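*Asks:* These protein sequence lines map, in sequence, to chains W and S. Under our numbering, the first residue of the first sequence carries the number 1, and numbering increases by one thereafter. Under our numbering, the first residue of the second sequence carries the number 1, and numbering increases by one thereafter.
Be aware that one or more of the hints could be misleading.
Below, a sample of chain W positions facing chain S; criterion: calculated Cβ distance under 10 Å [what the hints assert, rightly or not]: (1) Asp30; (2) Asn71; (3) Lys210; (4) Leu213; (5) Val221; (6) Asp261; (7) Leu292; (8) Thr402; (9) Asp414; (10) Ala415; (11) Gly418; (12) Val453; (13) Thr477.
It should be emphasised that the hints constitute simulated quantities derived from the structure, not laboratory data. No experiment lies behind these values; they were computed from the predicted model shown. All residues carry an ideal CB built from backbone N, CA and C; glycine is no exception.
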Amino acid sequence: MPTVSVGRDRLFQALGRSYTQEEFEELCFDFGIELDDVTTEKEIIRKEKHLDAEEHVDDEDVIYKIEVAANRYDLLCFEGIARALRIFIGKEEIPLFKLRNIPYASMLQMHVTKVTKEIRPYVVCAVLRGVCFNTTNYNSFIDLQDKLHQNICRKRTLVAIGTHDLDTVQGPFSYEALKPEDITFVPLKQARSFRADELLEFYRSDLKLKKFLQIIENSPVYPVIYDSNRAVLSLPPIINSAHSAISLRTKNVLIECTATDLTKAKVVLNTMVTMFSEYCESKFEVEPVEVLYPDDRQTEDCTSEGDFKGKNIYPDLSVNTMDVSLSAIRGRIGITLGVEEVITLLNKMQLQAEEKSCGNSVITVHAPPTRNDILHPCDVMEDVAIAYGYNRIPKTKPTCMTIGGQQPLNVFSDAIRGEVSRAGYMEVLTWLLCSHEENFAMVKRRDDGNNAVIIANPRSSEFEVVRTSLMSGLLKTLKHNIDHRRPIKIFEVGDVVTLDWTFDVGAANNRRIGVLYCNVTSGFEEISGLVTRIMQVVQKNYYIRPSNEPDFFLDRQCHIIYNAKPIGIFGVIHPEVLEKFGIPDPCSFAEINIQALL
Amino acid sequence: MAEDSILGFLQNNDEIPDSHQFAAGTGIDHIELENIIKSLRGFEIVDAQEFQKDRWFLKDEGKTYAQEGSPEVQLFYAVPPEGISREELQKKVDPALFKIGSSWAIKKKWVEIGRQGVSRKVESVEDKIQLVLQKIENGEVVEEKDLIELKNRKLIEFRPLKGYSVKRGPKFISKRKKAATDLTREHIQRGDWKDLEFKEYNLSAQVQPIQIGSLHPLLKASFTFLLLFLTLSFEEMPTNNFVESSFWNFDALFQPQQHPARDSHDTFFLKVPSTARELPEDYVDRVKRVHEFGDYGSIGYRYKWKREEASKNLLRTHTTAVSARMLYRLAHEKSFSPKRYYSIDRVFRNEAVDRTHLAEFYQIEGLICDRGLTLGDLLGVLEDFFSRLGMTKLRFKPAYNPYTEPSLEIFSYHEGLKKWVEVGNSGMFRPEMLLPMGLPEDVAVIAWGLSLERPTMILYGIDNIRDLFGPKVDFNLIKNNPICRLAMQ
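Required output: the full structure, derived from the provided sequences and hints.
*Replies:* As C-alpha cells, this is what we get:
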C-alpha cells in the first residue's frame, strides 16, 4: 500500500476545519484510507541521518503519513486526498475536467517514428497553461511523479513521466528511437552534454537512476523526444534534459508519458493533469496534444467519432458511464435505499449519477477520469456501501444449508500425529524451503534433476529448493536444541514436494511423517518399535527389507514395503550426515509416506 | 543395633550423660551414635543436650603407636638377648623405626650400640607409652604426669570435642517404628501398610520432569480454527498442492499481469518445473478476454494479456488459488448448490523476513458461495466467526484487493493492547472472477482470510515468529505450551 505525506495544517485548512487526531483517524477509517504515522519534516530528516530524537519542538509542521489503496492513483498527492475528503464530507462539488477549446490548427503535435515500436511504443501528452507554482505545490507536483513511477508505472518500466517548461521548447515534437551514439544532450542537474551511451555509464553509480538503466540499456536504440529545433526534451525512461527543465517560475507545463502499456500511460497522464489543473489559470482545464503514429498504432486508441475522428488526442478525459440498477445495488449490499439516497452517496465518492429515466430505478453513473478504479458496476456498489458506512450496514446471516467436513488425508494425518505424540514424541514444524545443500549434499544424496522443485529467484540460499524429505528439517531443529535432555524424540507430519508430470503443474505434494530419536545409543530398536506401532494402528499389511541408502548407516536400515512398493525407510543415520549437521550423538530416523497408507 | 541400645539403656536409666563414654562402652562408632541421637531428637523420642569439652586426642603418629607399640619397645624386642650386629638390625626393622626407636632406647638406657654391635642393657621393658595412648584413645582419665612425654614427643594434641547428654523425650518409646517413604507392592502383599508409619511428603520439593509427547502450539491453534469451521458447517478444501500456476494463483482471480504481487520480489517462481503443462483452454480464453477487453459488464484492465505469464509456475502465494479451482469445479457441476468452504494451509512469499514475517506461513481462509449473498451477510458471518474466538468488538474498514469488491479489513478491539488491531481481510469476489468460471450470474461469494501465526503469537505472547515456527524453536516452548483456550469463551 502506498503512503503519502501531507502537511496536517494545510490539510485541515483545505477541509475547512481542524480535527483531533482521533477524529481524523475516524474520518480516514470511514473513507478507507489510514493514518499510518504522525511525524514532522525534521523528524524524518533525523531518522534518515540516524540522529537521536531531539526534544519535540512545537513550531515544527506536523506531517500526516496516509496509507491509500493501491488502485487509487488519484490519492497519491495532497491535492487528491484533500479534494476527495472535501467531496466526501460535502464541502466541494465534483470537479468537471475539460479540454481547452483551441483551434485544431494550433494544437501541439507529437510525431512518433516507426522504430519506437521496438523499445517503448506509446506516448501521450498534455499541456497545463498558466500554472501558478509555489514551493509547496511544486514539491507536491514532483512527489506525485515519484509516487506514480513507484506504483502504477512499475518503476518506470510501464510508463515514464517527463515534465517540461513549454516556453523553452518549440512544437511540433517528435518521439523517436535512435542509436545511443546519435543522441547528445545536457541532462537535468548536469552542466555538460553527454552522449546517451556515456550517460548510461555515468548513471551506473547514481543511486536513484541506476535501477532504471536496465529498461533500455540492452536495446540497440534508445527512446528520445525532440522539439522542432532538435533540442532534446527527455531520454525516457531515464532523465529529462536540463534545457526544458521546469522551475517555480514555469507557467506552461508540457507533460509527456512514454509507455509500454497505453492504458496505464493514459491513467498516469490523467492523474497528473486532473490533480494539477487545479492550479491552472482556468481551473480544471487542460490543453490537448495530438499524437501521430506512422503505423497501425494510429488506430489502436483513436477517437471513433466527432471532430477528432481517427485522431489520437490526449488527455482522454472522457468519463466512464455505466448503468446500474437500484435493485442490483441494494441486493449486493443488503440495504434498502432509494434512488435519491444512492445518488447522494455516489456524489460523496466523486461519482456523478442520475436516474436514467424517471421512475425506472436504473442509475446512470459517470466515473470521472480520476476514478480509473471503477471497472464494473460492483465498484459503484462498493462506493455506495463506503459512503453509507460499512459499520452501519445491518448484519445478516446466510441461510444456505451445507454440511461441514474435513479432507480425509488431513483427518488421517491428525490421527497419526495423535498416535505418535501419545508414544512420547514431540511435534515440531519446519519449513518447506531449504538450501540445495541441506536437501542433498548434507544428507549424502545427489540431485539427479528429476526429483526436486527448484526456486528460480531465491532471496537467499535458505530458499533454493522445496524439501523432498523431512530429514534435514528435523536434524536442523535437533541441532538448535542440542543441549536438551536425552533421549530427544521429535516428529513432524508434513508435505514434501516432488516433480510429477501427471499433474497439470508438473509437481505434487506428498504427505509424510518423519520421526527422529537421539540418545547416547542409536535407538534403532526404539524407531523400529515406533514404525511397528504406526503400521499396527493403520492396519496395513507390510514387511521390511534391508536397504542400502546413503543417508543411513550400513546394515542398520530397512525399507518399509507396502503393496510391493517402498513407502518408507527407517534406520540409524549415517555418522557423516550427523557430522554435517553438527550433532555429536547417534540418531535413528524413520520417514513414511502416509498418503500411501490412507 | 545402636538405636536399640540407646533406647534400651534409657528405658532403664534416666540419662546417658556423655555420648562418648557411651560409645566407648558399647563399642558403637560415635558418628553413627550422633546420627541416631539427632534422628530420635527430631521425632522427640529423646531429649539431647549438646555439650562441648576440651580433650586430648592422638595425632597420627600417636595412633600408630597406640596400635603397634612405641618405637623404642619395638626396637628393644628386635634385639635378641645375645645381641646383633648393627647391619643385621637395620635389615630387620623399618629405617624410620630404627632411627626413632634406637634414639629413644639409648636415651632410656635399654640398649647399647657399640663396635661389636647392638646389645640389650636390661632384660625386659614395659610399654607405658602405648598404654597411655590407648587410654587417651578410649577417653579414659590419664594422670597429668603421664602426659608430659607424649606432649613433648608431639604424639597428642588438645582439641574441643562435641558430645551429647541424652534423656527420655516426650514421645519416648522403647522401640521405634520405621517410617516408609513409598507404598510398594510388598507392603500390599504383606499387608503391613496398616502398621506402617509413612514419612511426611515434602510437597514443595521440585517435581521430577516426566517424559511426555506433545503437539506443536501452532497446530494446536490450527485445530481450534478447524473445529470452528466444522461447527459452522464448512467443508475443507484440498490444499495439498504448493506448486501452482500463475494462472490459478493470479489470472483466474482477475489480478492483472503487471500487478506488483506478481513481481519476483514478492513471489517464488520456479526454475523446475518452470511452467504448467496444461491450463483449461476455454476458461483461459474467457479470462484473457475479461483482462484485455472486459466482459460481463466490466471494462477490463485493457492491456495485452500474455499466456507465457499465466503458465509460469510458482509456490502459491495464497490459498485463494485453491478456492478458485474449487469454484471452477463447482461451476461445472450439473446443478448449482451452495457451499461453505475453508482451508488452513501453507502459503509462500518471497519477501524480506523479520520478527513477524517468514517466507512461509499458514493462511486461514473461509468462503461461502450462494445465490444472492450480500455485504450484510459477510459482516454477519464475520461477526459469527470472530465472536467465537472472543473478538466481540469488530469494525470494518474499506480496503482494496484486486479480486474482491467490496473489500474490507477487519479490526478487533484488543482489551489488553487497548487499541484496534487488524485481524483479517475479506470481501466479495468480483464478477470478473466468478463469471468466466461459468457460475450463475446471481451467485455471489463472500470470503475472508487471516494468518494463523498472528493470533497464535498474540495468544501466547510470542514476539519473534522464529521462536514459534521453524528449526530454531525451543523444545521447552513446545513442551510447556498450555492448551489452546481460543474459542473457549
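*Asks:* Checking against the hints above, which ones are violated?
*Replies:* Those not satisfied are hints 3, 4, 5, 7, 10.
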